[in-house]
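Novice: For the record, the sequence lines run as chains A and B.
Numbering-wise, the numbering used here puts 59 at position 59 of the first sequence, and it's gapless, one number per residue.
Residues are numbered in the numbering used here as their position in the second sequence, beginning at 1, plus a constant of 1000.
The set of hints was computed from the structure by calculation and includes no laboratory data.
Check before you lean on any hint, since a few could be wrong.
Straight-line C-alpha distance at most 20 Å; calculated EDC-like pairs for lysine to aspartate or glutamate [said to hold, decoys possible]: (1) A/Lys326 - B/Asp1120; (2) A/Lys43 - B/Asp1049; (3) B/Lys1291 - A/Asp120; (4) B/Lys1082 - A/Asp299; (5) A/Lys82 - B/Glu1111; (6) A/Lys82 - B/Asp1299; (7) A/Lys82 - B/Asp1298; (8) A/Lys82 - B/Asp1297; (9) B/Lys1196 - B/Asp1233.
Number of protein chains: 2
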Amino acid sequence: MNAPGTFTLGPADGRARTGRLSTAHGDVETPIFMPVGTLGTVKSLCPTDLRDLKAQIILGNTYHLYLRPGDDLIARLGGLHKFMAWDGPILTDSGGFQVFSLSGLRQIAEEGVTFASHIDGSRHLFSPEKVISIQRNLGSDIMMVLDECVPYGADRAYTEKSLGLTTRWARRCREAHPAGDRGQLLFGIVQGGFFKDLRAKSAEEIIGVGFDGYALGGLSVGESRNEMYDILDDAAPLLPAERPRYLMGVGAPRDLLAGMAAGIDMFDCVLPTRNARNGTLFTSLGRVNIKRAEYRDDDTPLDPNCPCYACRTFSKAYLRHLYIAKELLSYRLNTLHNLTFFSVMMERAREAIREGRFAVFRAEMEALYPETDEGKA
Amino acid sequence: MNAPGTFTLGPADGRARTGRLSTAHGDVETPIFMPVGTLGTVKSLCPTDLRDLKAQIILGNTYHLYLRPGDDLIARLGGLHKFMAWDGPILTDSGGFQVFSLSGLRQIAEEGVTFASHIDGSRHLFSPEKVISIQRNLGSDIMMVLDECVPYGADRAYTEKSLGLTTRWARRCREAHPAGDRGQLLFGIVQGGFFKDLRAKSAEEIIGVGFDGYALGGLSVGESRNEMYDILDDAAPLLPAERPRYLMGVGAPRDLLAGMAAGIDMFDCVLPTRNARNGTLFTSLGRVNIKRAEYRDDDTPLDPNCPCYACRTFSKAYLRHLYIAKELLSYRLNTLHNLTFFSVMMERAREAIREGRFAVFRAEMEALYPETDEGKA
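Using the sequences plus the hints, can you model the full thing?
Specialist: Below, the structure written as structure tokens:
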């Protein structure tokens, strides 16, 4: 087994590339999509299900786990892997994004960000040191630095001031977690909003601190697809080629393809799991809204090309019935299916890159998922 | 394979008895507890889960399936077994109990019972012929006759009048479904409220019609445990010894033991599945309310003697976390566990009967589950 943090690049196709990232809980083939398991569970699924659908790494949310059940408790019980019985790699975010999107009153200061819990309104401080301490308690394989996710529409002055704070917080995170400590990797986050020169400045500063991998933050925050792709194409190559690159919070098929084309290695998004619970299903024949009346009598599988249990076992008519009746099994089967679709799509993308036909694969998938902006995650 | 309806008695211990009932979808070892799959799914579980926990037969609700997705639809799609991908035996009730407990306005007449759907208020008629037609559409292995479930507290005059109607409806059901037709069995239901002589009268009349098995209905409707046991002990022996006896809607461990002691072979109840979703779990060490603070840090399994996936994989602390966070996985793991507990308990009961130590087994279980009336299903 390679030392955690070892990143070996495989064949590339244009800027799209394959690789293998080693962690303390195993290797991850890139490009990879990471299912989100906010509260120590990928909603409705068991760890065995995640293995079955070939999930290689999952994500946990620091903000949520800190509030409930608490990182101290998880540490006492042996860490997040043991707690949730998932022995594969786990990436945790820093909680910064949730503080900005979920919590009530929040105040940003040099020390950190003070916020009110969305559960009970209690006040908390996330400092760079605190979010590292939480993630060390969780025992995640890949930790993220605290950053300020600049809201869409922020002006240049605000964005520049903010990226300075993000850099200083990144340095404090690095100091709180020396490179290689405990086998837990630490990734930096590049901000800079929608100003290309500020993205370059942020990238230079964050790379200067030195991390095991680098993320692009502050995208998919309300901008149009074209705006996102413009920044993505410009900023991805600024990240060191020899380290994994992570596009945070992005997950529509079309966006994953654009990210891979720009040289991104890692993605996460609630889109496949949240859409599953809303009855929107991804298939090899295009998107299916399972509640539609046309499926009432449809005894064919949801996706004849899908290897998941739901597609091998049930008809669209049954899946529609479960969804209409709000049956618990609906959420489970839909989630199993959507995550299987994403897993297979990423496996096919890796094959296409290795075989030098990524552009063709991308065009095929984009024809199936020609998302417009209202379809964004 | 034996012809559907073949019922072979095995060793007995006092009035408690073992047996094997053959159906068109396989044999069922009795005494048996049947998990309830109201809408074509045992809530939160897959058919593979039911196999894993050794469920031998499950129950579907005619009232619910008639309203949604509709028995015509299920028939067009090949029947309930195919629709829900469960190839084991299925028993369906007649819908009568749900009409009385769930629907709004209802009018009982000789023809049948008219009721308003609890979903959209639409008016429907369940006649004896209609509920047989629905159950034939569903393709259930064991169908139940339409009966009037007399409310607790009904007086003698009402109860006697009602059992006459139940008998006439039973005859019409039998005429609508000749013995042996399609391999679908038909069970009669004995009413008579809490009047022993009326129970005897109803039993005589229903047995006179002739069915593949006989159920006691109208118990667990609000009476005390002692009242129920009094009727049970008196009425169970009135049912033919050579046919399966079914105590409808009863499912607390103590009541199952009392039923088996009285010579009952089949039980169903939402108790283990509904309690699972409410966080009340049955274990070999007694009842556990998983939301209690005492389990916050408890890294031991829910039940060290349980073979289920939840007990083999997770701690009480994790199960508590899922429950408190209202995570979908909580419902699934709790349901898996409770149904496994009931499955193992019934298997142990059959062994105890075969080995002539049922009284000892019953006393052990009653010590663990000394239910008082407020604990009733």
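Novice: If a hint holds in the structure, say so; if it does not, say that too.
Specialist: These are the hints, each one checked on the structure:
1. Only pairs whose Cα atoms come within 20 Å are accepted, and A/Lys326 paired with B/Asp1120 is accepted, the gap being roughly 16 Å.
2. In summary, the hint linking A/Lys43 to B/Asp1049 is supported, as the alpha carbons are separated by about 18 Å, within the 20 Å threshold.
3. For the proposed pair B/Lys1291 and A/Asp120, the alpha carbon gap of about 18 Å is at most 20 Å, so the pair holds.
4. Our distance criterion of 20 Å between C-alpha atoms is met by B/Lys1082 and A/Asp299, whose separation comes to about 10 Å.
5. Note on A/Lys82 and B/Glu1111: the hinted pairing is violated, with a Cα-Cα distance of about 61 Å set against a maximum of 20 Å.
6. Between the alpha carbons of A/Lys82 and B/Asp1299 the distance comes to roughly 10 Å, so the proposed pair stays at or under 20 Å and holds.
7. As the CA atoms of A/Lys82 and B/Asp1298 are separated by approximately 13 Å, the hinted pair is consistent with the 20 Å bound.
8. Proposed proximity of A/Lys82 and B/Asp1297 is supported: the alpha carbons are some 13 Å apart, at most 20 Å.
9. Among the hinted pairs, B/Lys1196 with B/Asp1233 is consistent with the structure: their alpha-carbon atoms are about 10 Å apart, no more than 20 Å.
Violated hints amount to a single one, hint 5; each of the other numbered hints is respected by the structure.
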